[in-house]
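Each chain, written out:
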Amino acid sequence: MIYNDTIVALATASGAGAVAIIRVSGADAITISDSCFKSVTAKKTLVNQKTHTIHLGHIIDDKRTIDEVLVSVFKNPNSYTGEDVVEISCHGSVYIQQEIIQLLLRKGCRMADAGEFTLRAFLNGKLDLSQAEAVADLISSDNEASHQIAMQQMRGGFSSEISKLREELLNFASLIELELDFAEEDVEFADRGEFNALVERIGLVLRRLIDSFAVGNVIKNGIPVAIVGEPNVGKSTLLNALLNEERAIVSDIAGTTRDTIEDELVIDGIGFRFIDTAGIRETKDVVESIGIKKTFEKMEQAQVVVLLFSAIEFKTEAARLKVEIEKIKNRLPLKPMVIIANKVDTLDAAELERLHTEFKDVHLLSAKTGEGVEELKNKLISFVNTGALRNNETIVTNTRHYSSLLKAFEEIEKVKYGLENGISGDLLAIDIRQALYHFGEITGQVTNDELLGNIFANFCIGK
Amino acid sequence: MFNEEYDVIVVGAGHAGSEAAASAANMGSKTLLITMNLQNIAQMSCNPAMGGIAKGQIVREIDALGGYSGIVSDTSAIQFKMLNKSKGPAMWSPRVQSDRMRFAEDWRLLLEQTENLDFYQEMVSGLIVEGGKVCGVVTSLGLKIKSKTVVLTNGTFLNGLIHIGDKNFGGGRAGEKAATGITEQLVQLGFESGRMKTGTPPRVDGRSLDFSKMIEQPGDVSPEKFSYLDVTKPLTHQRSCHMSYTSEKVHDLLREGFDRSPMFNGRIQSLGPRYCPSIEDKINRFADKDRHQLFVEPEGWNTVEYYINGFSTSLPEDIQFKALRSVVGFENVKFFRPGYAIEYDYFPPTQLKHTLETKLVDGLFFAGQINGTTGYEEAASQGLMAGINAALKVQERDPFILQRNEAYIGVLVDDLITKGTEEPYRMFTSRAEYRTLLRQDNADFRLTPKGYELGLASEKRLKRMEEKQEASEKLVQFFRNTSVTAEEANPVLIAKNSAPVKQQGKMFKLFARPNITIDDVRQFDAVEEYITSNNLDSEVIEQAEIQVKYSGYIDKEKNNADKLNRLENVKIPANFDYSKLQSMSLEAREKLNKIQPVTVSQASRISGVSPSDISVLLVYMGR
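Residue numbers (the UniProt record's numbering), protein chains in the order written: chain E, 1 to 463; chain V, 1 to 623.
Hints are computed from structural coordinates only; laboratory data are not their basis. Since we're looking at a predicted model, the values are computed, not measured. Accuracy of the hints is not assured; some may be wrong.
Distance condition first, Cα-Cα at most 16 Å in a straight line; then the derived EDC-like pairs of lysine to aspartate or glutamate [what the hints assert, rightly or not]:
(1) V/Lys85 x E/Glu179
(2) E/Lys368 x E/Glu353
(3) V/Lys563 x E/Asp5
Required output: the full structure, derived from the provided sequences and hints.
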């Protein structure tokens, strides 16, 4: 929070209300807001408006209208922060708030850190010291907690994925630095082909994270859950069991293919979209093996995977199931997964006991009796960053990371362009460092001395 | 013998001491250079070479400011290479192999021609400090010499201890005595001291080597040079280096001596540089590598002595000898001098200000290995900065501090005093966050105006730089303003696999494409004509090429640097008490209290200080 860039955040209290105010502050506050504002009076631009004026219009993302809003313009120094400030009063749904904030982020704003508006107000002479001290406390408490919270929120493999990506990128950066600073040494240098593959992969994962991180996206589309199981293991009974107790938004989503049925339901205020898939049983049949490939694709795309087996199978074909489960786990090591033994009502106590000891992490359930359904719901909820949807603080943290991911993605795209055009390592390094910096904004790690340390640890350097 | 008071006394006449003495004297200070042995001014204690990656840039910077290292490197060079030429211009790094004896002689003769500079040979055993201010030095004979400032550049001499195998003895370099007394006095004055270690390989008789079995490594076909002045000329002929490799057999022979190695039996505790390991360290840490490169470097035009780069060692001399004899081409090798390791005292550089003056004693400056650095170039640049600042202090002028986006020297000094160092500090380009700006081709643009303002760089130097700048800017303008037709451009573009154009356009745009070089655009008639009619030299053309081809990256780094500079302007009052800032992390408070940064920007670079800590600091600093 030390630069004069333009920041954005929700200024009103958390959650849904009648009206929400989004505040933008900084040198480009007015031009950025202008770029996504269309006045009801044609040809009126915010840039040409006087300070302390209010304007009715729409927030527009390209051609799509997000909301009808009132925009207030305050010009420096006569504003809360002392900078140019725009306040957008929009309708209070969390979805609309997030859509507008994310649009502003894409247009060049940065998510404000905790207390940043007030800090700027203080630095511009708008507040006295005692007020500022309160801000300082806020900043520091946010500092201690934020990365930790962030990493906890990013369950479902996200946090480990980000750390892993960062580490790979760091190695990549070390290799680049190695060939720059130690060109005279007898060490192998970075293989550009491998680089390209890595950058490609990082780009893909970032894209996926960006998509899944968009809170609005979650509200809008629901969280994709792949249910993997043979036709007779009780998928529809399970879905019905879940649906029975919840407000269902059953839908026939247009364009879905014949072999996947999507069902949508809301648990604890969060939308889930269930995608039905065939199992992955070994086969020599060509048609079926295409089906298996498709199943894996669906699992890949889903945020959560539910493996559903019949408890009877656990009893009779334990060995085969073990192999099958291992296979799926190995293929998708980071994917949050629930393994369910359905129809436990058909087992006796001894059989249950054996199942329990042999398959420790299997969730026991009977869709028929409702046993274990509640626990399954809790488990599903625990896999998503529900916190983000429940209170404002975490949405902010989350949106901050969303903007870091966007920026990291931008830099990675530049690296990709550089690699394609054979640009030399010292120039690639500029973009790589920038990308690492944005990764660090999420994980809280800094890189400077790490690069050289990495080189010294891994390469025999020195004549 | 010494009744007058000097402005500046420089203790030690290595690379740091020599630059310090020259710069102080050239800025008009009455200066005395004291060294234990006047025969050994500007010795190259280790490899006979100057420059290299990041280091070559430093030598260019020293030259641009008006120091002597660039000139001496040119006059004593026996081979020139521009390293990293295949990379971007920020990576191009000049390096020379040097004639060791001529290097030292040329330095001494230059110093002798320097006005205001006196010489004296003796060991300095203590400082005269009164009321927290340095007032002169005391020699081992008991002489008291008064001065307003003192620059200490003791190198590896402070309580130097040389190790070869299980033998060790006091010394500052092989064959030279160690210096005693100064560390003890400084510690008593409240300084914190530490020990560091470095090493050097054996020197051998070239007549005993079979070069036909080695790989020849000649210099560049078109050698360049360090100094921006035209008093030196590029080499017209050069000497080659050679390369050979160690083998498993060599490694096995070396391992036989491990039990007598001071590195492994615990006799040496202090840290050596990780990027300049001894051969025993290399085969120990990287056991899977079955061979290591050895560079066989001549020590001069005429001498038969050779330096075995890559074979730094403190193993027993018999092991060194036996192992080296197993290297291809070394079957009959004769030793001139065995390799050795040396331990010496240094003072953690966080005890210094950006001027290299100590925080504890007014008027006392440290430069070179005493600050925990390694390398001739690193030492020389600190000597230059300490000499300049000592002179400025005497003249009661503002201190001279280079920022991180202005020079590698700025990065070096800021790293030292902000982060300190645990191992001997060497410059790497990756230490500079704005290396695209800190190029060897523009050190004169960056620094010569400053050097001139200090009274160090001559008017002639400034004029040369201004002419180069003007001519290259005009050439860039020419590319911006001149169009080229599609008919003329397309054959050149197609030959380089670059997309052809449909209509005529400005040359600048085509030139800026990644794979189009100056040689390509010189195929356009207008370009060749402009260059010939304006009689442009290669330096100007190269400068313009860099400005065109890398302008995007240069602008990006400049932008980032400007952001940093905003915080550079936020000064923190002296003796600021961080312990009362409860909102700040404990680690940050402790570090900040210890280092006492001068600006918020410097504070942000201290490890353990987070961006939030900086925000908190800004709040308490007021507006």
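Structure versus earlier hints, numbers of those that do not hold, lowest first: Structure breaks hint 2 only.
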